[in-house]
Amino acid sequence: MVDLKVKLHDIEFKNPVTLASGTCGFARETAEFFEPGLLGGYFLKGTTLKNRDGNNYPRMAETPSGMLNAVGLQNKGIDYFIENIYPEIVNYDTQLIINVNGSTVEDYIALTEKVNELDKINAIELNISCPNVKEGGMAFGVSCPGAEMVTREVRKVYDKTLIVKLSPNVTDISEIARAVEGQGADAVSLVNTFLGMAIDAEKREPLLSTITGGLSGPAIKPIALRMVWQVANAVKIPVVGIGGIMTASDAIEFMLAGASVVQVGTAIFKDPMIPVKIVEGIEDYLKRHNMQSASELIGALQV
Amino acid sequence: MVDLKVKLHDIEFKNPVTLASGTCGFARETAEFFEPGLLGGYFLKGTTLKNRDGNNYPRMAETPSGMLNAVGLQNKGIDYFIENIYPEIVNYDTQLIINVNGSTVEDYIALTEKVNELDKINAIELNISCPNVKEGGMAFGVSCPGAEMVTREVRKVYDKTLIVKLSPNVTDISEIARAVEGQGADAVSLVNTFLGMAIDAEKREPLLSTITGGLSGPAIKPIALRMVWQVANAVKIPVVGIGGIMTASDAIEFMLAGASVVQVGTAIFKDPMIPVKIVEGIEDYLKRHNMQSASELIGALQV
Amino acid sequence: MPKKFVKEFTVIENSALNATNFLIKVQSDTELPEIKPGQFVNIEIKEAEEIFLRRPFSVFEVDYEKNVISMIVKILGRGSRKLTEIKAGSKLSMVYPLGKTFTYPSADDKILLIGGGSGVAPMLFLAKESGLPVENVDILLGARSKEDHINVDSYKQYANLHYASEDGSLGEKGFVTQHSVFTNNLNIYTKIYACGPDGMMRAIAKEAKAADVFCEVSLENLMACGFGVCLCCIEPTTKGNLCVCTEGPVFNINDLKW
Amino acid sequence: MPKKFVKEFTVIENSALNATNFLIKVQSDTELPEIKPGQFVNIEIKEAEEIFLRRPFSVFEVDYEKNVISMIVKILGRGSRKLTEIKAGSKLSMVYPLGKTFTYPSADDKILLIGGGSGVAPMLFLAKESGLPVENVDILLGARSKEDHINVDSYKQYANLHYASEDGSLGEKGFVTQHSVFTNNLNIYTKIYACGPDGMMRAIAKEAKAADVFCEVSLENLMACGFGVCLCCIEPTTKGNLCVCTEGPVFNINDLKW
Ligand SMILES: Cc1cc2nc3c(=O)[nH]c(=O)nc-3n(C[C@H](O)[C@H](O)[C@H](O)COP(=O)(O)OP(=O)(O)OC[C@H]3O[C@@H](n4cnc5c(N)ncnc54)[C@H](O)[C@@H]3O)c2cc1C
Ligand SMILES: Cc1cc2nc3c(=O)[nH]c(=O)nc-3n(C[C@H](O)[C@H](O)[C@H](O)COP(=O)(O)OP(=O)(O)OC[C@H]3O[C@@H](n4cnc5c(N)ncnc54)[C@H](O)[C@@H]3O)c2cc1C
Ligand SMILES: Cc1cc2nc3c(=O)[nH]c(=O)nc-3n(C[C@H](O)[C@H](O)[C@H](O)COP(=O)(O)O)c2cc1C
Ligand SMILES: Cc1cc2nc3c(=O)[nH]c(=O)nc-3n(C[C@H](O)[C@H](O)[C@H](O)COP(=O)(O)O)c2cc1C
Ligand code: FES
Ligand code: FES
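Residue numbers (UniProt numbering), protein chains in the order written: chain A, 1 to 303; chain B, 1 to 303; chain C, 1 to 258; chain D, 1 to 258.
Read the hints as simulated data drawn from the structure, not as lab findings.
All of these numbers come straight from a predicted model, not from anything done at the bench.
Don't be surprised by glycine CBs; every beta carbon is placed ideally from N, CA and C.
Treat the hints with care, since some could be wrong.
The calculated label-pair distances, taken between Cβ atoms and stated as ranges, are [as the list claims (entries may be wrong)]:
# : chain 1 : residue 1 : chain 2 : residue 2 : range
1 : B       : Asp-93    : D       : Pro-33    : 20 to 28 Å
2 : D       : Asn-151   : B       : Asp-200   : 33 to 41 Å
3 : A       : His-289   : B       : Asp-53    : 32 to 40 Å
Between the sequences and the hints, there should be enough to build the whole structure, so can you do that?
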C-alpha cells in the first residue's frame, strides 16, 4: 500500500489532488458526480465580503488547449456562505479551503475574520491575483509592496494556515513569493490565470464582455510548471501547484517541480471525473516506481 | 483588387505576412517550398557578433498546442552572414530584416554597425527578449532601464528602421514598449517566447538540456494578442504582432488588435505553406468584407 | 449515489435530417436516469484539433428500454460539424443529465411550442411528454426555407404542426412571430414554450408578455462546465445572474431581463 | 521550382508487419521527385489531441510509376500509434523529401547494413538501391525477440539476411554487435551503414572505428521543422552543431563526437 498523504504547513491532505477555486463551485456540484472524500481538498469559489454579480455575459471563450474566463468573482458574499453553504458541506470528509478576495485591505481583513470562526475551514487561500476584477484582485499580486501589505494585514487576524495565491502576470514570480513568505504566509499557490484576449475576426469584436480575461487550461501548463519550479527553489514554505493539470502525469510533474499539493482547475470542465482519475494515476505511478509515499515526489526532479 | 500593402515606419511590406526570427532560417530554407516574394518579409535567424553553438541537445519539447525551444541563438556570426548568406538572398523580392542579439551593449552596437552597411536590409529587429541565453538576451528586455539603454545606444549608430522585440515575461509590457519608444525605436515587435518548462514524469528529468525554454505556438496566442492590444494602445509607433498565428483569422485578429505587420513563427513547422495560405486568406477576408486595403484592419477592433 | 454522470455511449445511428441537421442516437450499457425535455447532455468532441471544451445538446428522445438517448445536432461551427461526422459504432463521452425541465402543462392547458434553429429538439420532446390531447398542442417551427426544415410528420400524433419560413417555401411566409398563431389570438394558449435563436425567443417573449400568457424559453448560452461550477453561462434575471446550466436552461420570461 | 513539398497523400495500404510495426503506403496524384535511402518525410498526425508537431519517418520504398511512397512505422508513443490506426482511403499530409542520402557504395564495395528498432526501413531501401550483387550485401537486423522482427524475406534478392535477437529466438542471441559478423572479421566490409536506437549505433560506431571501416549512421534526433529552420535537431560534430534534418540524417561516424 502506498501512502498518498501529503502535508501543507500544518494541515494534512489525504492525497495531493485538490480542486482549484472557481472551478469546483462549493464542492456540492462535484458531489453529484463523486464522493468529495475521494479528493485531498477543495479550494472553494472565490468569496467576497458582499454579494457580487460578476461581469457581463459573454464571460468565456475557448482558445487552443484552453479557455479565457471573465467571471469576475460572482458570489453571494461570505455571510450567505456561512449561513447557507457551509452547513451543507461541513461534513465532507476532505479539506475545505476558502478563497478570499477583496477590493481593499479592509475587505480582506473583514472576510478573514469571519472565516477564522469556521471550525472546519483549516486554511484560507488569499487571492491577490484575480485578473477579472477592476479593483483589488491582481493589482495586489503584481507588486511586492502590494502583496506584502495584504499578507501582513491578513496574517495579523488569521491563526490557521494562510496560503497566498500568486499571479503569473509578473516579471519575477519568485520575488513575490519571497515577499509574501517574509510576511508570514504559510504556503503559496500558483498560478492564477494569465491575462489574455480573444477576438471574433468576422465581427471585429472582442469575444469577452470585458475584452480581456484569464487564460487557463493545458496551454499554460509549461509556464505554470516553470513558475512552480522557480518558486519552490526560492522559498522554504510549501507550494501548491496549479495550471493546466489534466492527467496524473501532469500532477506528478508539478510535484517533481516542487509542489506539495496540486489543484485541478479547467480540466474538470472537460471531464468532471478527471480529479478522481488523477488520484488513481498517482497511486499507480508510485507503485510502478516502487515509491512508498506521494511526498517522495515533492521536488524530486533530477537536474 | 484589394491592396495588401502595409507600412511599418518608413518601409513598405507588400503584404502584412512575415516570418518570425528563428523559425525561417535565412529565408533560403523556405524558398525550397515557395517563392520568397510571396511574403511581406522575413525576420532572419537571430544573429550575433561571433559564432555561437547554442545549447545542448535536446532543445525541443512538444507541449499542448505549442512547443518549448532552447536553441540558444545558434548561428555562425554576422561576418559569416555578410560573406556567405547575404549575397545569396539579397535579390529576394521581399523585406529582409536582421534579428540582432548581444550579450553586452557593445555587442549590439558592433553588430548594428555592420548591418547598417547592408544595402538591402532596411530594418533591424533588436532582440532583447531571448529567454534561452545566459547573458544578455531577455535580461535587457525585462526592465525599463535595460531596454532603454540598449535601444538608445543602438539608435545612435543605426539610421534605418529600428524595431525592438519585446519579451512577454514582464508585469507590464506596455511600460517597456513606451520606454523603447522614448529612446527612438521606430516600431516594436511582440511577443518573443514565454519562459516555460517540461518534465519527463517517468524519468523525473527535465525534457530540455537547459531545464527551461521558450514557449511558442497557438497556446500563447491569447496572451500575445492581449499584449499587442495593450501595447498598440500605449504607444504611437507601429506594432508587429507575433504569437501563435496559424491562420488568416489569427493574423487578422492581431491586426484588429493593432498590429501593422504580423510574424508567423512556429506554425511553419506544422506546415511550411501556412504563411502563403495566410496571405491568401487575408485577401479573401478583405474581399468578403468589402474592404479596400489591409491597412484598414489595423486597430479596427470595435470595443 | 451520483445524480450526474460521465460515460462513454456507443453511437448507434447518425443520419442526416437535412443538409445541416443530424439525428444522433447513442446507447448506454447501463440504465439511464430519468431525463426530461429541456435537459441536455454535454458532449466531448474527440479527435478534433483545437476543440477543448464539450458542446451542450438538448435531449430529443429517450428510450429507457434500450438505454438510448437521441439528439438533433445542427451544424453551426467546428464542433457540431465534427460531431455530425461521427460513425455508428464510435464512442461518445457525455456528461448527463444536465439542467432542469419545463413547467409541465396541466390537463386543461392549451399549449404552443415554438422551435427554431437548433431549438427544435426540446420542443418535440415536450410535445410528446405533455400528455395532452393533440388538439391542445400546437407546434410552430420556423426556418429560413423548406430545405432548412426537418421532417417531423411523426409528431402529428402529439401535436398540430405549423410552419413558418422566411421565403414562404413551407407554411406561412415570415418569422415565427409573424405567423397567424401570433397574429390571430395568442390568448387561446395558456402556456407557451420556445427554444431557438436568441432573437426569436426575445420576439416571442415580447408577444407573450403583451398577451400576458405564461411563457418559458430554453436558453442556449455559451457553456464551459455545464454543471454549475464555472459561472460562465449566466443569464441576468430578477434573481441576479443565474447559471443557465443548472438553474436553466428553462426560464420563465418574467424572470428574465428581456 | 520548389524542391520540397507539402502535400496530401492518399493512404492506400496500412498493414501490420508484427505487433508494433506497420507498413503504410501512400499515393500522390502528382509525380514524385527522386527520393533516396536515408531521406524522410514529415507526417502530420491529424485529429489527435495534444499532438502539435509532425513526426518524421524514413522512406522505405518508392514506386515512381504509381507515385507511391511507403514507410515502416513502429509504435513508440502517441503519434506513431495514431498513425498506425489510419485507414486506407484517408488523407495524410506529408512534407517531403527531407534530408540527405547515404554515400552510395561503389561496384567493388562489400557492405554491411545494420538495422534495429525503427531503423530497418532505410537499411532495406539502401540494400535495394545499392546496385551490388547479393553476395556483397549483408544485412543484419536486431530486435528483442523473434516477434519483434519483421519478415523481410523478399529482400533475399538484394542481400544476405542475418538476425540477432536478445533472447535468441531468431538468429544469433544477443545485441547486433555481439553477432558473428562483428566478432568474426569486420574488415571484410568496405562500408558499414546503420540505423536504429542511439545505443546500438554508438556501439556499432565503436566497432567500426576500431576496425577502421567506413561507417555511416542515420540519426533519429527529435525534430520540430524537419527542413532546417528551427535548429532543434542538432548533433554535435567536428564541424559544429549540424542539423540532422538537412545535413543528415546520415552522418559519417568520424564526423560525430561519439
Ligand atoms: C442548453 C443547450 C442546449 C442546446 N441544444 C442544442 C441542440 O439540441 N441542437 C443543436 O444543434 N444545438 C444545441 N445547442 C447549441 C450547441 O451547443 C452549439 O451549436 C454548439 O456548441 C456549437 O459548437 P461548434 O463547435 O459547432 O461552434 P463553434 O465553432 O464553437 O462556434 C461557431 C459560432 O457559433 C457561436 N456559438 C457557439 N455556441 C453557441 C451557443 N450555444 N449559442 C449561440 N452561439 C453559439 C460561436 O460564438 C461562433 O460564432 C445547445 C446549447 C445549449 C447551451
Ligand atoms: C529522420 C528520422 C527518421 C525516422 N524514421 C523512422 C521510421 O522509418 N520508422 C519509425 O517507426 N520511426 C522513425 N523515426 C522515429 C519517429 O519519428 C518517432 O518514433 C516518432 O516521432 C515518435 O512519435 P510518437 O508521437 O509516437 O512518440 P512521442 O509520444 O512523441 O514520444 C514517446 C517517447 O519517445 C521519445 N521519442 C520521440 N521521438 C523520438 C525520436 N525521434 N528519437 C528518440 N526518441 C524519441 C519521446 O521522447 C518519448 O519518450 C524517425 C525519426 C527521424 C528523426
Ligand atoms: C471559470 C474560472 C473561474 C475562476 N475563478 C477563480 C476564483 O474565484 N478565485 C481564484 O483564485 N481563481 C479562480 N480561477 C483560477 C483557477 O483557480 C486556476 O488558478 C486557473 O484556472 C489555472 O488552473 P487550470 O489551468 O487548471 O484551470 C478561475 C478559473 C476559471 C477557469
Ligand atoms: C525554434 C525557435 C527559435 C527562435 N529563435 C529566435 C531568435 O533567434 N530570435 C528571436 O527574436 N526570436 C526567436 N524565436 C521566437 C519567435 O521569433 C517568435 O517570437 C515566437 O516563437 C512566438 O511566435 P510563434 O508562436 O508564432 O512561434 C524563436 C522561436 C522558436 C520556436
Ligand atoms: S456552464 Fe459552467 S456554470 Fe454553467
Ligand atoms: S528539425 Fe528543425 S532544423 Fe532540423
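Asp-93/B versus Pro-33/D beta-carbon gap, inside 20 to 28 Å or not: With a Cβ separation near 25 Å, Asp-93/B and Pro-33/D satisfy 20 to 28 Å, so the hint holds.
Whether the CB-CB distance between Asn-151/D and Asp-200/B falls inside 33 to 41 Å: holds, 34 Å
Verdict for His-289/A, Asp-53/B (Cβ pair) under range 32 to 40 Å: Holds, since His-289/A and Asp-53/B (Cβ atoms, about 36 Å apart) stay within the stated range.
Of the numbered hints stated above, none is contradicted by the structure.
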